[in-house]
Structures are given as structure tokens and as C-alpha cells.
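Participant: For the record, the sequence lines run as chains A and B. By UniProt numbering, the letter at position 171 of the first sequence is numbered 171, and the numbering carries on one by one without gaps. By UniProt numbering, the letter at position 43 of the second sequence is numbered 43, and the numbering carries on one by one without gaps.
None of these hints come from the bench; they were simulated from the model. Do not rely on the hints blindly, as some may be mistaken.
Pairs of lysine-lysine residues, derived as DSSO-like cross-links and limited to a Cα-Cα distance of at most 30 angstroms, are as follows [as the list claims (entries may be wrong)]:
hint, chain 1, residue 1, chain 2, residue 2
1, A, K180, B, K214
2, B, K178, A, K52
3, B, K81, A, K151
4, B, K321, A, K180
5, A, K180, A, K210
In case you want the letters, here they are:
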Amino acid sequence: MSTSVMTKVRPPVRPARILLHVFLAGAALAWLAPLLWAIYAALRPYGETSEKGYVSLPDTLNLDNFINAFTQSDMSHYFVNTLLIAVPAVLLTLFLSSMVAFYVSRFDFRVNLFLLLVFTAGNLLPQQVIITPLYRLYLLVDLPGITMSGKLYDSALGLVLIHVAFQSGFCAFVLSNYMKMLPHELTEAALVDGASVWRLYWQITLPLCKPAMAALATLLSIWIYNDFFWALVLISTGENMPITSALNNLSGQYFTDPNLIAAGALITTVPVLIVYFLLQRQFVGGLTLGANKG
Amino acid sequence: MTTDTSTKSPEAAAVPPSGAASDKRVQTGHKRLLTRRDRLTLGLMAGLPTILHVALVWVTALASIALAFTTWDGIGFDAIKWVGLENFKQLFNDNPQFWPAVQHNVIWFVVLILIPTPLGLFLAVQLDKKIRFSRVYQTAFFLPVVLSMAVIGFVWQLVYNPDTGLINSLIGANEPGKYIDWIGDPDLNLWAILIAASWRHAGYMMILYLAGLKGVDPALREASALDGAGEWQTFKNVIFPTLRPTNTIVLVVTIIEALRAFDLVFVFNKGAEGTELLSILVTNNIIGESSRIGYGSAIAVVLLVISLVVIIPYLVATFRKERRA
């Protein structure tokens, strides 16, 4: 193919396109500016910025603030707390909500619409609507020997339960829509062959839902990791806080200068950013999976 | 609502316990057969998650309503006293923070729907044009959505800090006498926080609209272009009307976000003067020093009523459409 043909095939670069790129690049940069500013501040020593001001060219750029923020406040401990809450919460949410979705999408019992309605509406409520009685309930439930605090209050178990209860609404809705798209003959035939309901769910339906489950798992991990409110109210011991909520205490207790706070805040974004960049498609897919259906 | 489904769902009543009888059923009709054990399994599969969800979400929501008409110190159930509408009277008439909080929640919604939502739509339309680097731009605009609200609060504090923040440093307002207190000044702080909230919201809306635009039939666009319609006319007359389902979701999501707004404000200034929100008032009533359970519940009920006004019509419409499909 000669070059003259090539130029004819390729659409001419219109000025409007270039303008659009300039606009989008500028806007994207402006969008990242607050984060870049935080990174810049976190890379500079406090002494230098307090002397020269924050809007100045750097003499030294190093990772000292990041190292100090991480070690001084024992951040790894809070990351472990988050892990102990998020992993069981995500798995349990997916497990329970897929069972509900299986039930409402495969067996048209009378209650299925109502059930789905209850789950979905519950998920849309602001958390503060239920927090006062929930807080009292968590204080009332005695679990001696099961949780460190002897109650649901101030325990990882309590946080896992409320995450599961709250998030399973959204997941049940998304998964039931997904399962409805699977051919009905699939389970019908297996049922006639004498397969148990459990097998239909575990060995036939679930494996087909892998894409939706992966998207939801990504979404849930980020949401639960980012949760601030539940832990703020339902955890009283600072030591038991997951990382996102702990940040608020740490910034008061350990971190005295803004550069260190910036470093600490940025460290907490690392896990979500890794998940986001690796699984961007899943995340966005999950978010729009629920939305597209409405 | 159930009449339609009940005709298709005879299992609950019609499945006989014995194997022989159910075998016959398969041959005579298309009805599924379930053993007693299957029905037990199904009951547990649907029942356990429902119990957990209902107990922690709906029972507590109902308890909020009940407690709103009482006073209780939290010690012993016999200390619960019925006071009728007393909590609400106090809330509406005597609480200097209540009406500002309602107002701020409304402002939060209005700002989100008027600024970042159209911006997100605009970005989505541009990025939907099959341009190069579309993914890169999307990643940048969407990045704030994956960060926690708490982190967003910390990041924007670095921008707004009166002494060391980016804005005051740039405009030279970080010296005594010239301070612009973006976080403390009650006339400014809500707007400063709303910029941070919009920063996140625009990316979220962009993604929702991008998904909506993917569903638009390309033939519509071509037909419109052949008719000689310009870009703006095509969007206004052809694309936007087909985005109706997305618009509904965007509206609901934005209202819910405005009612849920909490983390950002709490990190910024704990909901001090100028940034009161209903969610902040409820929470302060729990973790604050004077915990008044009935009173806190009354605030939660106000929040619940507003939420349900939005949630119920949306869900009814959604599920009605689903049943038709």
C-alpha cells in the first residue's frame, strides 16, 4: 500500500481534535494536581518547607516522611486490622448474596421480588439512619471469649457483620440480574437429572458467574478498605481500627507536620491504587453492572 | 405484585414429599421437582442472608423510628420512656444546628447535580469519541473515585490549609492579617469541601455516563449526521433522550451521596459551624459526650424519611420495568 493511499485512508487531523486533546490533557492534569501536590509535599523535609514555604523549588526530595509515617505509627498493624476485616467480609458477602441471588433468580417463589426489594432498599439507606440502634445493639450483645472486647462492639467480627449485611444488598441485586441471563434450561435439566439444589448452585451456577463475582470482589474490596464511618463509631480502641479510620487518630497523635500527614495519607492509598490499576476493568465493570440494569 | 409470579411458582405448595409422586409430575408438566432436602437447602440459602440483613439493617432502622419517640439513657430497657413528639419538637424548634444541617444537605445535592454531574457527562461524551489516549484520560478523572473520602479530606487539607496550603501560598494569603481560612470560616468552608466532593463526583458520573453512551445505537448517530445535524444537535435531540435510564440512576446516586455525605466533612473539621450535616448530627450524638439516644434517633428518622421518598419510587419503577422485561 503506497503512502498516498495511507494518507487518504487516515482521516485528516482536524483542529477540533487537537483542541480536544489539549483540553483533555489539561483537565486531566488539573484533576491530578491535588494528588501531585500531596506527593510533592510528602517528599520534602518539614524543615525545608517551613523555611522556604511550600510553593518553592526543592533542595531535598526523599522518602523520609513515608518511612517515618509508616514506622512511627506502626501502620503495618493497622493494615493487618484492615485485612482481617476486609477479606472475610468480601468472601462472606459474595457467598451470602450469591445464594440469595440464586434463590430469587432460579426459583420464582412468591417472595422473590419482595426479597430483592428489601435487600436493594437496605443498601441505599444512609448508614447514619441505623447507626444509633446498631451502636446500642453492638454494646448489648455479649460474646465473652469470642471477641477480644467480649462484645460485638469494638470487634472485627462486628465490623465484618455490618459490612456483609449492608453490602449484600447491592451484590444480591447485581448477581440476580446476572443469573437471570443464564439459560434456564441449564438448571432445569440438571434438576430433572436428580441434581440437588446445592449442586445446582455450587457446581453449575456459580462457575458461570465468575466475571460478575470478580467485578464485585474488586468493588467490595475497595469499598470496605475505604470505609471510614462504621469503624469510627463501632470501634472504640484505637488499636483495633482499620487503616482508613486509624488515619484520623494518627494524624492527631503521631503526625505533627503536614508533610508527614501527607505521606501517611498517601501510604493508605497504595493498596487501592494497586487494585485499581491491575483490575480497572473489573472495578468499572462492577460499578456499571449494577447501574446499567436500572 | 405477586399474582404474576405465583402462577409460575407452584413448588412451595405442589411438591410432594415422596419421590414417586414427583416423578409423575415431571412427566405431566414442566414443573421443577424439589426434594424435601432441597427445599430445606433453599430455605437456608435465602433465609440466613435475609436474617442477617434484616436484623442489622431493617430492624435497626425500625428501632430508630421507635426510639425517636422515647428518651433513653442506654442503661436497661425499663429506662425507655415514651415522650411522643417531644424529640422532634426540640429538634425543629430548639436545635440551632438542625436547620443549617438540612440546608447544607440540600446545597450539597444542588451543587453535585449542577456542577460535577454535567461535567462528568461532558467528559464522557468527549471520551466516547474514539479518541487516542481515552483510557489514560479516563484513569485520571476516575482516580479520585477509588480513594477513600477520608484520604480525599487529607489531600484537600493540604490545598486549603491557611498557613501551608497551596491556594493561600499561591495568592499570598498565608501571612497574618491576610489569612483566608478555607476550613474554619463558616461562610467558606462548605464551598471548599464541596469542591473536593465535586472532584470525586465528576469522575463517578463520567463512568456511569460512559457506560450509558456505550449502549447508544451507533446507527442513531449516523442517521442524525446524515440528516445534517451538528454535534450539539445530535447530542441534544438524539443521544441525550436515549440516556434516560442513566439519568435516573445518576439522579438517585447523587441524592444518596448528598444524604450520605459524612467522611469528608468529619475529616475536614468534624462538622463545625458552617458544615453541619444531618449525618454529622446523628454521629456526634453517639460519639459525643452527651449521648441522647431518642434525640439522635429523631434526627436519623428525618434522614430516613428523606431517603425513602427517593428510594421507594426508584425501586418500584425499576422492579416494575424488570417484571415487564
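Participant: Check each numbered hint against the structure and report the violated ones by number, ascending.
Facilitator: none
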